[in-house]
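K.L.:
Take a look at the letters that make up each chain.
Number of protein chains: 2
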Amino acid sequence: MAYPDHLTDLLEDFLGRIDYGEDGETSPLAEAMNYSLLAGGKRIRPVLMMSTGEMFGRPARELLPTAAAIEMIHTYSLIHDDLPSFDDDDLRRGMPTCHVKYGESVAILAGDALFAEAYRIICEQQEADAATKLAVIDEISIATGLKGMVGGQYLDVAGFDEGEESVRLLHSLKTGRLIIACVRCGALLAEAPEKELEKLVVFAAELGLLFQIKDDILDVVGETAILGKNAGSDERLEKRTYVSTFGLERSRELARESRDKALAALGEVVADTAGLAGITNYIFERQR
Amino acid sequence: MAYPDHLTDLLEDFLGRIDYGEDGETSPLAEAMNYSLLAGGKRIRPVLMMSTGEMFGRPARELLPTAAAIEMIHTYSLIHDDLPSFDDDDLRRGMPTCHVKYGESVAILAGDALFAEAYRIICEQQEADAATKLAVIDEISIATGLKGMVGGQYLDVAGFDEGEESVRLLHSLKTGRLIIACVRCGALLAEAPEKELEKLVVFAAELGLLFQIKDDILDVVGETAILGKNAGSDERLEKRTYVSTFGLERSRELARESRDKALAALGEVVADTAGLAGITNYIFERQR
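Going line by line, the protein sequences match chains A and B. Under this note's numbering, the first residue of the first sequence carries the number -9, and numbering increases by one thereafter. Under this note's numbering, the first residue of the second sequence carries the number -9, and numbering increases by one thereafter.
By construction, these hints were calculated from the structure, which means they are not laboratory data. Among the hints, erroneous ones may be present.
Dumping the calculated DMTMM-like pairs for lysine to aspartate or glutamate here, alpha-carbon to alpha-carbon at most 25 Å [unchecked claim]:
| hint | chain 1 | residue 1 | chain 2 | residue 2 |
| --- | --- | --- | --- | --- |
| 1 | A | Lys91 | B | Glu228 |
| 2 | A | Lys229 | B | Asp13 |
| 3 | B | Lys32 | B | Asp262 |
| 4 | B | Lys32 | B | Asp205 |
| 5 | A | Lys251 | A | Glu213 |
| 6 | A | Lys185 | B | Glu155 |
| 7 | A | Lys229 | B | Glu12 |
| 8 | B | Lys229 | A | Glu15 |
| 9 | B | Lys32 | B | Asp250 |
| 10 | B | Lys91 | A | Glu228 |
| 11 | B | Lys229 | A | Glu228 |
| 12 | B | Lys32 | B | Asp13 |
| 13 | B | Lys251 | B | Glu114 |
| 14 | B | Lys229 | A | Asp205 |
| 15 | B | Lys251 | B | Glu155 |
Here are the in silico distance ranges between beta carbons for each label pair [what the hints assert, rightly or not]:
| hint | chain 1 | residue 1 | chain 2 | residue 2 | range |
| --- | --- | --- | --- | --- | --- |
| 16 | B | Asn271 | A | Glu184 | 38 to 46 Å |
| 17 | A | Ser17 | B | Asp3 | 22 to 30 Å |
| 18 | B | Leu28 | A | Glu184 | 32 to 40 Å |
| 19 | B | Asp250 | A | Ser17 | 29 to 37 Å |
| 20 | B | Glu188 | A | Gly6 | 48 to 56 Å |
| 21 | A | Asp9 | B | Ala254 | 50 to 58 Å |
Glycine residues also receive a C-beta, built at the ideal position from the N, C-alpha and C atoms.
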């Protein structure tokens, strides 16, 4: 059960060919968007989305516009997260962060534009009936709004801290909700049965948890050169993480438990889940 | 031909009752969003949208979700525009700007969340068939992306300056495109004839121009106490404006010409255009 790298390649190719239709005067903004968007990586979120769609018989190729939109939105959140008034990070995917390279205002706008263009790509390029596309757009809006990603980013910068529950809530909003949206969008676009979708949401919630625990562990034990971002930044920013809350050893146990739960949830799904299992194992084993 | 204040009132009421469904922990972010969103004003963009819809027989009340979304997006753009790395403004609608009140990261997130929630409100609350709603969402995405609002904001911060054409391009993107989207969305939701829509787009393009010329004049001749934002900020930021390009007297002439052209375009439209004429006159005569 290996990571479906062919889906990463498909997406990479699609992202590289996005045409924003910008004029010459605004092309430096498109350059800043692409600088962050085309920085590589495993593309876990869109790959998860396409792999889910494939499970229910829709070819990944047909899901590329929505997959790209999800990666654009993820990139926008990273750009804003790295800003001086947020995590003040200067390194991302082994390169200077967007604001270090292009300045703060351009970085903010690059994020804003990626968000707008993400919706546009779904509207204009995703093949599906109008009601399904609307459901996808609604799902993404929920997952990125106050009850999702941006709500989680707020808790992160506000330094909300009232025990173990706080770290769970923060990450379920900041990373978990969009990961759930990935399986939901894949299932919607492939017209998966509602019953299977419910099981997939259980899986995705656990996968999001696994992703975050692993992220927190890597921030402590990983090396900047391998991570491609600065190690130790959680401690520098005095962030509440799984490691700061539960310690390193317990966090590793929690990661194993989380992987097992995710795979167990996947076992309930009536479809070929090899791709999603491969993603789960990759997230558990990743070193960056 | 007076400004349709009843539409402002309708919108104000709707905005005040938006329920983001946030949890207690994220409610301070909702507070920051509402701080800027509920700061009053004439609500020109959503009023323009609703007035256009009414012209073609769709009651304004039925257009409120999309009208609110447009105002939320406009507010998000103001919040980001006011940031220290942009115009660094501390006063907006007579109150401290969002980042002065809540800090920079929260202000950035308040803008981001308003954008996401704007789409959500259209998806979940706007009554229309799915294809029409998708067309509205697409229109808004175009108007706020690289070829619209954010593209214009980029030109504004990048200090793009190559003559008279540059000031026109900047503002046609930064303010003009969203104003065109307002009439297009109103017409789409009211199923206006394509022929009338084309004339309305000509009108809206002229109205956007009028709005900006007037804005530039007020920045020079207006008083901070009346404007509710700092007068003279264009000069402080060495911005290229209509006044800096054409001088004050010529700008006043251009504003009159622009109003006349807008009203003439309106005269071609086969419908009761009194509301849109009232908006045009208000924009021409406004002192803030």
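K.L.:
Can you confirm whether the C-alpha distance between A:Lys229 and B:Asp13 stays at or below 25 Å?
P.N.:
Holds: A:Lys229 and B:Asp13 sit about 21 Å apart, inside 25 Å.
K.L.:
Does A:Glu228 sit within 25 Å of B:Lys91, going by the straight-line distance between their CA atoms?
P.N.:
Given pair B:Lys91, A:Glu228 holds - Cα atoms ~24 Å apart, limit 25 Å.
K.L.:
Quick one, are A:Lys91 and B:Glu228 close enough, alpha carbons at most 25 Å?
P.N.:
24 Å, holds
K.L.:
Hinted pair, alpha-carbon criterion (25 Å max): B:Lys32, B:Asp262. Please report holds or violated.
P.N.:
Satisfied, since the Cα-Cα distance of roughly 21 Å is no more than 25 Å.
K.L.:
Take a quick look at whether B:Lys32 and B:Asp250 sit within 25 Å of each other, Cα to Cα.
P.N.:
This hinted pair holds, its Cα atoms lying about 22 Å apart.
K.L.:
What's the verdict on B:Lys251 and B:Glu114, does the C-alpha distance respect the 25 Å limit or exceed it?
P.N.:
Violated, because 38 Å separates the two Cα atoms, which is more than 25 Å.
K.L.:
Taking 29 to 37 Å as the hint, is the beta-carbon distance of B:Asp250 and A:Ser17 inside that range?
P.N.:
36 Å, holds
K.L.:
Would the pair B:Lys251 and B:Glu155 pass a check requiring their Cα atoms to be no farther apart than 25 Å?
P.N.:
19 Å, holds
K.L.:
Take a look at whether the Cβ-Cβ distance between A:Ser17 and B:Asp3 falls inside 22 to 30 Å.
P.N.:
Violated - the Cβ-Cβ distance for A:Ser17 and B:Asp3, about 43 Å, lies outside 22 to 30 Å.
K.L.:
Taken at face value, is the distance from the CA of B:Asp205 to the CA of B:Lys32 at most 25 Å?
P.N.:
Roughly 14 Å separates the two Cα atoms, so the pair holds.
K.L.:
Could you grab the alpha-carbon distance between A:Lys185 and B:Glu155 and see if it respects the 25 Å cut-off?
P.N.:
58 Å, violated
K.L.:
Does the Cβ distance between A:Asp9 and B:Ala254 fall inside 50 to 58 Å?
P.N.:
36 Å, violated
Of the hints listed earlier, those the structure fails to meet are numbers 5, 6, 11, 12, 13, 14, 16, 17, 20 and 21, in rising order.
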